[in-house]
Structure formats: structure tokens, C-alpha cells
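What follows is the residue order along each chain.
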Amino acid sequence: MNTSLQVDSPTPFRSALEARGVSRRQFVKFCGLMASTLALPHRYAHAISKAMEQVKRPVLVWLEFQDCTGNSESMLRSGSPNVGDIVIEMLSWEYHEVIMAGSGQHASDALERVVRECAGEYICVVEGSIPMAENGVYCTIGGRTALDIARQVCANAAVNIAIGACAWDGGIVSASPNPTGAVGLQEAVPGIKNLINLGGCPHNPVNTAAVLVHYLTFHELPALDQYRRPLFAYGNVIHDQCERRAHYDAGRYVQEWGDEGARKGWCLYKMGCKGPEATYNCPTVRWNEGTSWPVKAGHGCIACASHRFWDTKSPFYDRLPTVPGFGVDVKAEDIGWTATAVIAGATALQVGANMVRDRLKPPPADSDTHEPTNTSA
Amino acid sequence: MKHTQLTADAAPWRQPAPNQVRLYVWEWPIRISHWVMVLTIVSLSITGYYMHSPYFLAIGHTAYVMGTIRFVHLLSAFAFSFAILLRMVWFFFGNRWVRISQYIPTTRNRWKGMKAIAKFYTFVAWSPVAYIGHNPLAGAAYAVIYLMAIVEILTGFALYSQILGSHLLTVLIGWLPRLIDIQWLREIHFLIMFGFGMFFIHHLYTAILVSIEEHSGLMDSIFSGYKFVPQDHLKKELAEAPETK
Ligand code: SF4
Numbered sequence: 001m002n003t004s005l006q007v008d009s010p011t012p013f014r015s016a017l018e019a020r021g022v023s024r025r026q027f028v029k030f031c032g033l034m035a036s037t038l039a040l041p042h043r044y045a046h047a048i049s050k051a052m053e054q055v056k057r058p059v060l061v062w063l064e065f066q067d068c069t070g071n072s073e074s075m076l077r078s079g080s081p082n083v084g085d086i087v088i089e090m091l092s093w094e095y096h097e098v099i100m101a102g103s104g105q106h107a108s109d110a111l112e113r114v115v116r117e118c119a120g121e122y123i124c125v126v127e128g129s130i131p132m133a134e135n136g137v138y139c140t141i142g143g144r145t146a147l148d149i150a151r152q153v154c155a156n157a158a159v160n161i162a163i164g165a166c167a168w169d170g171g172i173v174s175a176s177p178n179p180t181g182a183v184g185l186q187e188a189v190p191g192i193k194n195l196i197n198l199g200g201c202p203h204n205p206v207n208t209a210a211v212l213v214h215y216l217t218f219h220e221l222p223a224l225d226q227y228r229r230p231l232f233a234y235g236n237v238i239h240d241q242c243e244r245r246a247h248y249d250a251g252r253y254v255q256e257w258g259d260e261g262a263r264k265g266w267c268l269y270k271m272g273c274k275g276p277e278a279t280y281n282c283p284t285v286r287w288n289e290g291t292s293w294p295v296k297a298g299h300g301c302i303a304c305a306s307h308r309f310w311d312t313k314s315p316f317y318d319r320l321p322t323v324p325g326f327g328v329d330v331k332a333e334d335i336g337w338t339a340t341a342v343i344a345g346a347t348a349l350q351v352g353a354n355m356v357r358d359r360l361k362p363p364p365a366d367s368d369t370h371e372p373t374n375t376s377a
Numbered sequence: 001m002k003h004t005q006l007t008a009d010a011a012p013w014r015q016p017a018p019n020q021v022r023l024y025v026w027e028w029p030i031r032i033s034h035w036v037m038v039l040t041i042v043s044l045s046i047t048g049y050y051m052h053s054p055y056f057l058a059i060g061h062t063a064y065v066m067g068t069i070r071f072v073h074l075l076s077a078f079a080f081s082f083a084i085l086l087r088m089v090w091f092f093f094g095n096r097w098v099r100i101s102q103y104i105p106t107t108r109n110r111w112k113g114m115k116a117i118a119k120f121y122t123f124v125a126w127s128p129v130a131y132i133g134h135n136p137l138a139g140a141a142y143a144v145i146y147l148m149a150i151v152e153i154l155t156g157f158a159l160y161s162q163i164l165g166s167h168l169l170t171v172l173i174g175w176l177p178r179l180i181d182i183q184w185l186r187e188i189h190f191l192i193m194f195g196f197g198m199f200f201i202h203h204l205y206t207a208i209l210v211s212i213e214e215h216s217g218l219m220d221s222i223f224s225g226y227k228f229v230p231q232d233h234l235k236k237e238l239a240e241a242p243e244t245k
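Each protein sequence line maps, in turn, to chains W and V.
For the first sequence, this note's numbering begins at 1 and goes up steadily by one.
For the second sequence, this note's numbering begins at 1 and goes up steadily by one.
Calculated directly from the structure, the hints in this document are not laboratory data.
Watch out, some of these pointers could steer you wrong.
[As the list claims (entries may be wrong)] With the C-beta cut set under 8 Å, the calculated list includes, among others, these residues of chain V facing chain W:
id: 1; residue: L57
id: 2; residue: M66
id: 3; residue: G67
id: 4; residue: M88
id: 5; residue: F91
id: 6; residue: G94
id: 7; residue: W126
id: 8; residue: L179
id: 9; residue: Q183
id: 10; residue: R186
id: 11; residue: F190
id: 12; residue: L191
id: 13; residue: G225
id: 14; residue: E237
id: 15; residue: A239
Each residue gets a CB set at the ideal place from its N, CA and C atoms; glycine is no exception.
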């Protein structure tokens, strides 16, 4: 693949990367990673690197609402030299509270200026959920509600990227009982244009970079699913990509934390792993430069990239949700077995009572008209 | 006529009592679907419970326990679905004793009959009221069972569509996991299994009870299709609700 890339005079982009300590070789590797993450043939790495070098650094604003900054952290600390370095270099980051130099009024002005001067051209990334209760007073920045900011900034963006579980569907903030009435971006700003959701708690920076790279290279969003998530990242079941799957099929399971099975790397199904019901490319892209991912590290998947996973996929250490109306420590199977036992007991009682009835039953009075009757069960 | 203790069963080698007729009640699709349901519910429960909570671990390096069990579960699920489908068809094309009207109590008479049978089961009445087909209470109970079966099939295929990734199946059933989260579908799918277990216990009890008490050959009838019915009773039922067949 290296041969297909012409070695020409360094572009400003490449010099900028070099200044950040990203060598050409690392950049080429990055392009290869992007192509494979997007499930594109390898030759596209060349197209990607070309596009990256020629692109006119589009403006990006990164809004943070009700969040933990986990997605920003995930992006900025993704490795070394990190994906973040390259992504930061390929775009012109005009507003991101965590990393921008300006603060207060200067920061707000910067955002205002982007919305005014680059309307319809900039990329807007949203991190965190948006509270709707009480007109959105639960999250205000510079005196404006998150809802107000999102409406204005997202309406004028060329592309909107909802990053992480909270921006997608409200995440942990909107988990029951959701006191602030938090929702995801697409619910807060109905009719939002060119939205792409990148669920996950946090998002995987490689996927986010791949979406940006796809947009800059092909000038369109990748193929999306019904939740407007890119299929390349959310199209496959975790369980089908898991390295412990062979143990699952064989029937070798970790029975409790730290047992022999756990040490041998057996399947975490009985420990509540939600891999079978979750989709994500976590097992293949992994984290920290492809070092590991939760199941590899020995913890079951919690389906963090699934819709409203805090409510729907918990408890994380049991196979099934707790049945509403029963205590949190009562499992579905306890209820099932108890009910079955009650029915069995009641039936046994009926059998006994029937014997008694048969003894006491008076003989048929007028056997002429009532010969043995037929009844069906 | 003097009361005679009948020992006859509705088996072909037995003769009906003088006052009885040997009546073909359960047609072949009824019997086939019944037994396929019995076998598949048993195998689905055993394999399904393992899939929920693997109750033994594999031994050896070439084991394929969960894989095999899932395969059996899927095979049984298809057989079960076809049995239910066949039975559904016979709700509309079967004889008068297996039609939909036997299951969903729509007439006043059926509701009244339900009360009368309930009296027998709660030991208020000495004897049950006679019916050639299902008694109204049993019929209504079966309606619930068929409903459960349909829910099992729908949730089962919704779960299957997620692992299969087939376009056709997703088009057919993909709407369900969007309405109800896949974990709740799994929960419903799991809990209904116990419903079948409870039904199984009680169904066996009532079938044996009625068979012993009434000497109608009920237990044999689900094999042979024939029941022994008092002549006058048959006449009465035919007169009360003249239907085709
Ligand atoms: S550890 Fe989880 S994802 Fe992996 S095979 Fe087991 S159940 Fe599936």
C-alpha cells in the first residue's frame, strides 16, 4: 500500500502533523485504519490520505451539555500519536470548551461568529443530553439553555454529530427517573438535518474519526441504520465478533468472578454479558490503539452502544431485566418457578379433593336419562 | 336403562356401550398438531432453559453444547410454529368441535357453561356438565394457551431475526424490537415458558380426571380421534346448534 502513495512535497497539513509528532508513516497507518473501519477496500486509504491533505480544514464546533466530558476525553486521549491529533489537525476547531484557549465571553463570541460567518458549512458535534423539563433550566451556558444553543447552532450546521450515548438518546441522564427531562439531540431538535448518531458510553474515537474522514473524503455521510447510526460501526452483533464466542458455543462459562473459567478466559454469558443483544464494532476496533475492549479485559459487555441501555440492558450482571413490581433481587426465574410450584401444589390438592368427592358422591338418581356423561378437558 | 359401569375406551378394539356412539371428534390435523406441540414444548423448554442459564458446563475440547442446544431449539421452534399454524387453519376449516367458537366464548350459553364447569372444579358441583368438544372453561383456557403460543412465536422470531441478520425476517418481525426492547422480549419469551409448564400440569390432571370419571375414552381419543358419546347427548347438541358437519 505504501507504494501506491506518492511521496511528494509536504503539504501544510502534513507539516502540521509533523509538528505534532505524527510521522508520515503514522499518518498512512491512520488512513489504513480509517479505510478498514469504514469497511472500505484497502485502496481507499490512498483516496483518504489525498483528501485529508487537500481538504480546506472545515470548521468544527463541539458543544457540551449534560455530559461527563467522557467523549472529549476519549477523543483526546485515544493513543499516541493519537487519532485525536490527526482529527484536530484535519479540522479547524473553533469551539470546544475543554480545549479552547478562550473562556467566558470570548468563547461565546467564537461560537456566535462561527454560526454567523460559516452558516451551512461547519460541522457541529454535540456531546451530552439536553434537558427539556422546566424549559431547559437544568443546563445553561452563558445564560442560555442547552436547548436554545442546540437549536441555533445545529440548525445552521452542515452536519450534526451526536456523540456518545447522552447526545444520542439521553444516556444516563435520561435513565429512569430522568429528573431533568433529558433527551438526545434528535428528540430535542426535531427535524434536525444531516444528523448522525454515534452512541456508546463513550463513543469510540476511531468511529468518530472514520465518520469525519468519510464526510471529508466523499462529502456525504456513511450508510445509516434506523437510529441514524453508521452501519459500519453499529451493524454487527458484539456476540458474533467476540473472541470468547468459541467458549460460548462449546458451553464453557465463567460461573463467578475470579473462578477457574474467568482465569481461562471463558464466556461471560452467565455473568450477564449483553454481547448477544448489543451491536457495535467494539470487538474489532477496540480501545487504546486496538489494545483491548471490555470483554477481552474480563468484564461482560453492558451494551453501552444500544438504545437507552441504562434502562433496557440493566441489570448488567444478570441475563434478564428484573420483573416490574417485584424487588430488584427477585429474578424472573424465581417468579416462574414459584408460580409453577404453586400450580403444582394446587393441582395436588385438587387430586386429593377429587378422591374425597368420589367417595361422597351420591349414586345417580335417575340413571335412565343421565347415563355416563362425557366431558372434555 | 340400567346404569352400567362402562369400561370401554374409544379405542378401535373396544366397543361402545349400548347407549353410546363411537364418534370421530379429533381430525388428524388436530392430533398431529397436538402431539407436535407437546414434544416441541418439552424440547423448547429444556433447551430454552439451558440457553437462559446453562445448567451444566461442557467437558472436553471438542464440545459444542450450546451450539447443539441452540440448533435443537431452533428446529423445535420451527416445528412448533408449523403445528400452531396448522391448528390455526383448523380453527376455521375443522369440524364443529375444534372451531374457533369452541375457544372464544362469544355466546351466552358458553359463558353460562363456563360457570357450571367452574363449579365442578371448585367442588361446588358433584359432576361436570357434558360436552362433546371442549367444555367452555377448557376452551377459554386453550384460547389463552394459543395466545401465549403466538406471543412465544413472535418474540422468538424477533430474537432470531437479530442473530440471523436476514433481510426477510427483519422485514417481517423487525418492527417488534423497535416497539419493545429486545431484553423485554426475551423476558416475555422466558416467562411464558413457565406458563406452559403450569398449563401442562393442570392439563394432564384434568385430562386424566375426566377420562377416569367419565369413561368417554378421552385419553385415547387424542391418539385415535374417536370418543364415546351418549347417543341422546349427540342428538341434543346437534339439535341445539345445527352447523355443518
Ligand atoms: S463473552 Fe459475551 S459477547 Fe463474548 S461470547 Fe460470551 S456472551 Fe457473547
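Right, here's what the structure says about each hint:
no.: 1; hint: L57; result: holds (6 Å)
no.: 2; hint: M66; result: holds (5 Å)
no.: 3; hint: G67; result: holds (4 Å)
no.: 4; hint: M88; result: violated (20 Å)
no.: 5; hint: F91; result: violated (17 Å)
no.: 6; hint: G94; result: violated (15 Å)
no.: 7; hint: W126; result: holds (5 Å)
no.: 8; hint: L179; result: violated (12 Å)
no.: 9; hint: Q183; result: holds (5 Å)
no.: 10; hint: R186; result: holds (6 Å)
no.: 11; hint: F190; result: holds (6 Å)
no.: 12; hint: L191; result: holds (6 Å)
no.: 13; hint: G225; result: violated (13 Å)
no.: 14; hint: E237; result: violated (10 Å)
no.: 15; hint: A239; result: violated (16 Å)
Consistency with the previously given hints fails for numbers 4, 5, 6, 8, 13, 14 and 15, ordered from lowest to highest.
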